[in-house]
Amino acid sequence: MEQWIQLTIDGITLGGVYAVIALGYTLVYGVLRMINFAHGELFMMGAFGGFYTLDAFENHTTMNDSLPSLTIALAIFAGMGTSVILAILMERLAYRPLRHAPRLAPLISAIGVSILLRNLMLRWTNARRQVFPQVFPRGSIEIGDVNVTYIRIFLVALSILFMLLLYIFIQRTKTGTAIRAVAEDRDTAALMGIDVDRTIVLTFVSGAALAGAAGVCYAMYTTNAAAGMGFLPGIKAFTAAVLGGIGSVPGAMFGGYFLGLSESYSTKLIGAQYKDVVAFVLLVLVLIFRPWGFFGKREDRRA
Amino acid sequence: MREDAAPVVAQSAHLELDGVVSGYGQIMAIKGITLQVQTGEIVALIGANGAGKSTTLRTISGLLRPRSGRIGFEGERIDAVAPHKIVSRGISHVPEGRAIFSRLTVRENLEMGAFQRTDRAGIEADLDRVVGIFPRLRERLKQDGGTLSGGEQQMLAIGRALMARPRLLLMDEPSMGLSPVLVETIFNTIIDINRNGTTILLVEQNAAMALQVATRGYVLESGAIALEASAAELRASDLVRKTYLGEV
Amino acid sequence: MVQQRRRLPRSLTSEALRERIDRMRATSGGAQLFRFGPYALLPLLGAIAALSPALLSTRLTFLLILIVAYLMMRIVDNLYGVAVLALALALLPTAMDGFERNIMFNVALYTVLGIGLNVVVGYAGLLDLGYVAFFAAGAYLYALVVAPDAGASEWAQNWDLGLTFWPVLPLALVAAALIGVALGVPVLRLRGDYLAIVTLGFGEIIRIMANNEDYYTSGPRGLFLLPKPPFFGRELDTAQELYFVVLVVAFVAVFAAERIRDSRVGRAWEAIREDEDVASSMGIDTTVYKLLAFAIGAAIGGVGGVIVAAKQGSVFPTDFNLDVSINVLALVIIGGMGNVRGILLGALLVVGLPDVLRDFNLDLGFVTFQNVGADYRLVIFGAALVAVMVLRPEGLLPSRRRAAEFREAELLEQEYAT
Chain A
1 MEQWIQLTID GITLGGVYAV IALGYTLVYG VLRMINFAHG ELFMMGAFGG FYTLDAFENH
61 TTMNDSLPSL TIALAIFAGM GTSVILAILM ERLAYRPLRH APRLAPLISA IGVSILLRNL
121 MLRWTNARRQ VFPQVFPRGS IEIGDVNVTY IRIFLVALSI LFMLLLYIFI QRTKTGTAIR
181 AVAEDRDTAA LMGIDVDRTI VLTFVSGAAL AGAAGVCYAM YTTNAAAGMG FLPGIKAFTA
241 AVLGGIGSVP GAMFGGYFLG LSESYSTKLI GAQYKDVVAF VLLVLVLIFR PWGFFGKRED
301 RRA
Chain B
1 MREDAAPVVA QSAHLELDGV VSGYGQIMAI KGITLQVQTG EIVALIGANG AGKSTTLRTI
61 SGLLRPRSGR IGFEGERIDA VAPHKIVSRG ISHVPEGRAI FSRLTVRENL EMGAFQRTDR
121 AGIEADLDRV VGIFPRLRER LKQDGGTLSG GEQQMLAIGR ALMARPRLLL MDEPSMGLSP
181 VLVETIFNTI IDINRNGTTI LLVEQNAAMA LQVATRGYVL ESGAIALEAS AAELRASDLV
241 RKTYLGEV
Chain C
1 MVQQRRRLPR SLTSEALRER IDRMRATSGG AQLFRFGPYA LLPLLGAIAA LSPALLSTRL
61 TFLLILIVAY LMMRIVDNLY GVAVLALALA LLPTAMDGFE RNIMFNVALY TVLGIGLNVV
121 VGYAGLLDLG YVAFFAAGAY LYALVVAPDA GASEWAQNWD LGLTFWPVLP LALVAAALIG
181 VALGVPVLRL RGDYLAIVTL GFGEIIRIMA NNEDYYTSGP RGLFLLPKPP FFGRELDTAQ
241 ELYFVVLVVA FVAVFAAERI RDSRVGRAWE AIREDEDVAS SMGIDTTVYK LLAFAIGAAI
301 GGVGGVIVAA KQGSVFPTDF NLDVSINVLA LVIIGGMGNV RGILLGALLV VGLPDVLRDF
361 NLDLGFVTFQ NVGADYRLVI FGAALVAVMV LRPEGLLPSR RRAAEFREAE LLEQEYAT
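Protein chains in written order, with the numbering used here: chain A, 1 to 303; chain B, 1 to 248; chain C, 1 to 418.
Don't take each hint at face value.
Not everything, but these chain C residues come out facing chain A in the computed CB check (under 7 angstroms) [to be verified]: (1) 205; (2) 208; (3) 379; (4) 382; (5) 383.
Covered by chain B, per the in silico footprint, the following chain A stretches (three or more residues, Cβ under 8 angstroms) [what the hints assert, rightly or not]: (6) 167-181; (7) 189-195.
In short, the hints are calculated from the structure, not lab data.
Using N, Cα and C, we set each Cβ at its ideal position, and we do this for glycine too.
Please model the entire structure based on the sequences and the hints provided.
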């Protein structure tokens, strides 16, 4: 029984990370009908932004010991900033020129951006994992017979907080409403006086900020950052977005947790070595039987 | 709102198209259109399906960039201005087929109409004014736009355009798909909007209705102006009666 | 909504555009003038190859060959130009050292893979990111059915099928085609971007399975000591001999692919690529034709796998990571989708050039990039994919048809201010 509780906690932790990344896929898909293949790399670059910040504090100050909450917060902001700047660049240079090109073009361009960023970091780090300074307080609390580390609680709480913030941004603010309007009908949105290009950039920025923050937190949790760390979480988060119905914000959240839990339980039921296969199998099953996901609106799949 | 709201010919035209050529890809749907709309007028643009009426409106509002020709509004060229900036210059466009944001609530749709404005109080006041004009929208403010009936959607589309406080309103087929009673209502509203000082360029297939409310009209045939006259003259012309009013 | 409006004018303009392009081609006369160009270039190529070891560094030789090959491909527009190229390619290794022959082998092998993937991506317009799956299937098939040695898997030891290279080739062709259909059936209804990510998933699943399985694949320990292809009583085991094998396979693949493209099947693919809905409304059974593309592409990939397993004499799960799929995709796209010449050029640039520049150091004064070819190749491919899409989406050597499609989209783009 304890084992199942432990697996559930694992799944929720991981699911939160997937959900936060998935929101970026879903937002960008919503406005551009395009899968940003490089989104997983934004997550990875965010982790490095956080890593270099914490590393600098570690090497030049004692603030990691005296004020860990401040340096962690700064690391998260640095990660968000890194991802946001990259997202703006990639939208401007790799995607915007292809907005009216055949569908395959932006997709291939996105794959190119993904390969570029991943391998650039691979070279930059000499293909070595970068170990995070131990900043986050160790320790755990006992829930029944199950041990839950602080960092895990932090991760779960933060992912929920970010999702709530995003939800409020999309549903309650004027800019968020504009994003939804652009997602539905770009031309009519322009007729309302909405700057469509700017709104699309803002969409990328929102998704990137979430991915960057998730990257830093996830890397702190696993205690290291590596160039390849965005690949699998990227694909899994995409799966999460599809599970929930791509384009749907609540769907992405649901999909993230659903996938996190499925993956976690599968390590017990099928075997840990096949846990990465679970996401793909779920993805294929959903795409075949319910391509609009659990929350998405059923629409023309070729739209 | 404006002093010169009366339908008289002003010194310089409110909206002026001069030899505008525009369209999609290789196909130029309009091939050199010259027309003027004076301040305070309702001008009808009538013509058959595919004559280039919608293309004309989409070119004015910046969704299409003219291949050649000039578009002037209140004395300034606007043919290279981005669509969202055209709105801030005072032109609103009620698109063909209404184009309601179906997943936004009615209230959000209206707020999007006022996207460029920052005067919260003014926006609220205008929202009240719009639901005053269209009381059926008031009950449905919290509903998704997609749940409205065709007539309600048309009201919302017009209301949404008014939220930007336009000085020129472009309307594309407001009568499309509506029952005769609703068409009557909508056209009465159009007259009211015009009386309150908004100049209107009206694209219609329902030439009879359009020429009843318009001061002047243009007949568009295969992308060019075939006829230009006062509404009364157009109603009396043989061409219009035969081709567009269905009389023999 | 936006898409719908675009669809109509697009189909209307494409004809006009194609007419214009054909007219331009007809009046330019350039193609006529250079008709015999390739034959003139052949002795030049021979001279470079013959003189090079004495006169020039080998790297420079390769670059020159690349330039000549590029010029030839620019000018030659038909199958028999490709034949001239074949002859040149066949002569090349005689003037090369072992390292360079290995490069040529890889170029030829990736040309085969490129032709296979091109059937799927270039002809039928289906973006497949898991092409490595078929490559792996061919390689593992070879390792399983040939005469087992100490490095064979338990299954191979038990069954001891003892086949040789030559019968395995057609076997792999059929097996990979079947796998292609099996993987294709569930995903064919998917839209382009979904298809891409699902096929990527398939590629990864195959690798993970091979890594975790033991009875058939020996897991991460891999399968090794595999026999070389027999040839009239001896074994083909030098890079040069195997290069000729793969060259022959490449030309058979080119020939087959071009024939199919120009057939009814090819036209059906073209219709599907341009607009699937329209294609199916014209009575084209899109499912059948898409599966056919998958099967043919997979078959060619499977053959490539057999060849590489035979050459290496070993098969490891790590041979089949995502990078293989990316390399093949990059060469197809950079060279020019839907076009054999483009793929040859793509293979030279994507597979050959990085190896030639393996230990090339780029010194920019303030920063030095070491081992550009070995370490930065994927960085460069990534950037190249973006650059090609943005600047020249039809690739360096596109098929005319493909160029028209992309240009037309660009023309449309100019109309849109938003």
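Checked against the structure, which of the hints given earlier come out wrong?
-> No numbers; nothing is violated.
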